[in-house]
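> The primary structure of each chain is shown beneath.
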Amino acid sequence: GESVGLHLPTLSVQEGDNSIINCAYSNSASDYFIWYKQESGKGPQFIIDIRSNMDKRQGQRVTVLLNKTVKHLSLQIAATQPGDSAVYFCAEKRQTGANNLFFGTGTRLTVIP
Amino acid sequence: ETGVTQSPTHLIKTRGQQVTLRCSSQSGHNTVSWYQQALGQGPQFIFQYYREEENGRGNFPPRFSGLQFPNYSSELNVNALELDDSALYLCASRPDRVSGYTFGSGTRLTVV
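Residue numbers (the working numbering), protein chains in the order written: chain U, 1 to 113; chain X, 1001 to 1112.
Don't read these hints as lab results, they were simulated from the structure. A quick note: this is a predicted structure, and the numbers were derived from the prediction, not measured. Do not take every clue at face value.
[Stated by the list, open to error] Label pairs and their in silico Cβ distance ranges:
1) R108(U) x N1059(X): 23 to 33 Å
2) Q95(U) x S1027(X): 23 to 33 Å
3) R1015(X) x Q95(U): 32 to 42 Å
4) K56(U) x R1015(X): 28 to 38 Å
5) R61(U) x R1097(X): 26 to 36 Å
6) S1007(X) x G16(U): 31 to 41 Å
7) R1063(X) x Q58(U): 41 to 51 Å
8) L1083(X) x N18(U): 38 to 48 Å
Glycine included, each C-beta is placed from N, C-alpha and C at the ideal position.
Go ahead and model the full structure; you've got the sequences and the hints to work with.
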């Protein structure tokens, strides 16, 4: 079946290093993608989004890259800080249906001080 | 503080009981969605309401139902609770079809 999935369930990085979290999606009809950060006991928090007519978008310390050819999405976090430790989800919105989001399983990022 | 408030934060129910979870969205957020997040999983779409009408539903049985009210609040009702209904239930809202979703902190439901 179609799914949004992540390559790695866990990622550990040293404080100050850059982090890259990857995500594969399989539905070519998806036109909008979002990265969320979820800390323990909290709901998903919006980080950055990108539409399918773009291949790169930058925010503060974060960059999202979209490769539609291979249906791949990545989140890059520069100078990773302890406060970045959380579970990161990519989510896709498809052009059909109720415009709801389809989430992957998530990647747990641990920042080592 | 996200502007989306859910209550209660935690709840324990017995199998077979009914439960109502509540969400208060930001003013002007006409679309509200509910998601179920099992432990260690990503959120799964339950259903969505737009201006008090359901306009989309995920793969959940009819015992999951909802309501949306004119004051931007909404409810998720689950009847005949099963053990597998234990999860974090998230409410998300947005003002229009092109904006991103703002999530609440969720209600942790435990069914025993």
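> Next step is simple, just say for each hint if it's right about the structure.
Results of checking the hints against the structure:
Between R108(U) and N1059(X) the Cβ separation comes to about 26 Å, which falls inside the hinted range of 23 to 33 Å. With their beta carbons about 29 Å apart, Q95(U) and S1027(X) fall inside the hinted range of 23 to 33 Å. At roughly 39 Å, the beta-carbon separation of R1015(X) and Q95(U) lies within the given 32 to 42 Å, and the hint holds. Checked against the hint of 28 to 38 Å, the C-beta distance between K56(U) and R1015(X) comes to roughly 49 Å, which is inconsistent with it.
For R61(U) paired with R1097(X), a C-beta distance near 29 Å keeps the hint of 26 to 36 Å intact. The hinted range of 31 to 41 Å is satisfied by S1007(X) and G16(U), whose Cβ atoms lie roughly 40 Å apart. For the hinted restraint 41 to 51 Å between R1063(X) and Q58(U), the CB-CB distance of approximately 44 Å keeps it satisfied. Checking the proposed 38 to 48 Å range against L1083(X) and N18(U) shows it holds: the Cβ atoms sit about 42 Å from each other.
Checked against the numbered hints listed earlier, the structure breaks hint 4 alone; every other hint is satisfied.
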